[in-house]
Amino acid sequence: MDIERRLEELNIQIPDMPKPIASYVPFVKTNHYVYISGQGPSVNGENKYTGKVGKDITVEEGYDAAKLTVLNVLAILTEAAGGLDNVERIISLRGYVNSDDDFYDQPFVINGASELLIKIFGEKGQHARSAVSVNSLPMNISVEIELIAETKI
Amino acid sequence: MDIERRLEELNIQIPDMPKPIASYVPFVKTNHYVYISGQGPSVNGENKYTGKVGKDITVEEGYDAAKLTVLNVLAILTEAAGGLDNVERIISLRGYVNSDDDFYDQPFVINGASELLIKIFGEKGQHARSAVSVNSLPMNISVEIELIAETKI
Amino acid sequence: MDIERRLEELNIQIPDMPKPIASYVPFVKTNHYVYISGQGPSVNGENKYTGKVGKDITVEEGYDAAKLTVLNVLAILTEAAGGLDNVERIISLRGYVNSDDDFYDQPFVINGASELLIKIFGEKGQHARSAVSVNSLPMNISVEIELIAETKI
Numbered sequence: 024m025d026i027e028r029r030l031e032e033l034n035i036q037i038p039d040m041p042k043p044i045a046s047y048v049p050f051v052k053t054n055h056y057v058y059i060s061g062q063g064p065s066v067n068g069e070n071k072y073t074g075k076v077g078k079d080i081t082v083e084e085g086y087d088a089a090k091l092t093v094l095n096v097l098a099i100l101t102e103a104a105g106g107l108d109n110v111e112r113i114i115s116l117r118g119y120v121n122s123d124d125d126f127y128d129q130p131f132v133i134n135g136a137s138e139l140l141i142k143i144f145g146e147k148g149q150h151a152r153s154a155v156s157v158n159s160l161p162m163n164i165s166v167e168i169e170l171i172a173e174t175k176i
Numbered sequence: 024m025d026i027e028r029r030l031e032e033l034n035i036q037i038p039d040m041p042k043p044i045a046s047y048v049p050f051v052k053t054n055h056y057v058y059i060s061g062q063g064p065s066v067n068g069e070n071k072y073t074g075k076v077g078k079d080i081t082v083e084e085g086y087d088a089a090k091l092t093v094l095n096v097l098a099i100l101t102e103a104a105g106g107l108d109n110v111e112r113i114i115s116l117r118g119y120v121n122s123d124d125d126f127y128d129q130p131f132v133i134n135g136a137s138e139l140l141i142k143i144f145g146e147k148g149q150h151a152r153s154a155v156s157v158n159s160l161p162m163n164i165s166v167e168i169e170l171i172a173e174t175k176i
Numbered sequence: 024m025d026i027e028r029r030l031e032e033l034n035i036q037i038p039d040m041p042k043p044i045a046s047y048v049p050f051v052k053t054n055h056y057v058y059i060s061g062q063g064p065s066v067n068g069e070n071k072y073t074g075k076v077g078k079d080i081t082v083e084e085g086y087d088a089a090k091l092t093v094l095n096v097l098a099i100l101t102e103a104a105g106g107l108d109n110v111e112r113i114i115s116l117r118g119y120v121n122s123d124d125d126f127y128d129q130p131f132v133i134n135g136a137s138e139l140l141i142k143i144f145g146e147k148g149q150h151a152r153s154a155v156s157v158n159s160l161p162m163n164i165s166v167e168i169e170l171i172a173e174t175k176i
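Residue numbers (the working numbering), protein chains in the order written: chain W, 24 to 176; chain F, 24 to 176; chain X, 24 to 176.
Treat the hints with care, since some could be wrong.
A pair counts as met if it fits within one copy or between any two copies, since identical chains are not told apart.
As the list claims (entries may be wrong) - In silico lysine-lysine, DSSO-like type, Cα no more than 27 Å apart, as pairs:
#1 Lys-175 with Lys-78
#2 Lys-142 with Lys-175
#3 Lys-42 with Lys-71
#4 Lys-78 with Lys-142
None of these hints come from the bench; they were simulated from the model.
Nothing here was measured: the structure is a model prediction, and the numbers come from that model.
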């Protein structure tokens, strides 16, 4: 599988690695495992899709926020693995959805991230997942995603 | 330790593996580690114990929901490990409790899962754990549990 | 690196290992990895800094709560690794902040934990991190932190 070519075919561009907004690092690599810090739907450091899904933004916008968020995750994974072709597989993804107390469509929102991973990596993109609501997120972003991946090297 | 026999003694029946409700897989196995996707208290695909613990259902019902949820986790672990006798140990469990903003009994709810794991696996069932509230969960389930386990093979 | 000497220089005293309040263990060690159960800002078993950050306590008090919480995490890590000098590195930290629905300063609160880890361990203390709000925590503690570390032995 040649992921770089696949990204071109899908017309997907991996952004620059987002800078941490606090006292932590974007990822830690230990042996073949990469732990990626919680990311949000930012573009060039500016947050998109702020507010609560189902109240301030629609489920469809939440889906797009999750898609945008996972691009930032992939920017970090590119750096951590030395290119996405070195990714052995995506292991797990945890998605936090900023929502009201009666929002039940977290899985559809986080699908924005999961479906893009599977589109890019195929079977190696399939992952264990949890999707939950939280009552608020940093800087009022709508979605936060953290991920663990395995690398070939 | 013969877990299958222990399950019989305890009169516990592991259900069929629940189907994911979105774009992810029930588990990922990497080396000897199994990461299991967030599960809820469903029976044959139907959610039991919906609503917020402490408001819509009691703490005792929440305890039963956690117990039911971990049975679904064990169904997946059975498949991932090729039988529960191949489980080396339970590593960690994270429990999310759907509750109001002034609910403080998350540990008692998630004990429904932890106590069953220890009953079944003994010392190997002892695990690191976090229990937190969230303001909502997918399809309004009352409890969501994710787990990491180590296998012998 | 001599962590024990560093702790003396910083005048930091690692407390006794807190006792679990439910059916789980403070940590699980598998190979070189230590998974630590969610901890709170307790001192000798008594919870400090209860309530919601930004409402019942200030962000600065939340920062202090995170600092106090990570001392309890380090007490457990000391036991798990046989002394903090055996810590190879901190891998990941997840911080849950008990807050209202319009609180956006989770990163500043959890910095209380992250900055202490970096002060103590230097580069080995840098970690992947997620910081999210939750609408409630066990016994109304203001902060809960879980952590994964790698040990040399």
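Hints, one by one, checked against the model:
1. Lys-175 with Lys-78: neither (42 Å within a copy, 47 Å between copies)
2. Lys-142 with Lys-175: within (20 Å within a copy, 32 Å between copies)
3. Lys-42 with Lys-71: Only inside one copy: Lys-42 and Lys-71 sit 16 Å apart there, 33 Å across copies, limit 27 Å.
4. Lys-78 with Lys-142: neither (29 Å within a copy, 41 Å between copies)
Comparing the model with each numbered hint stated earlier shows that hints 1, 4 do not hold.
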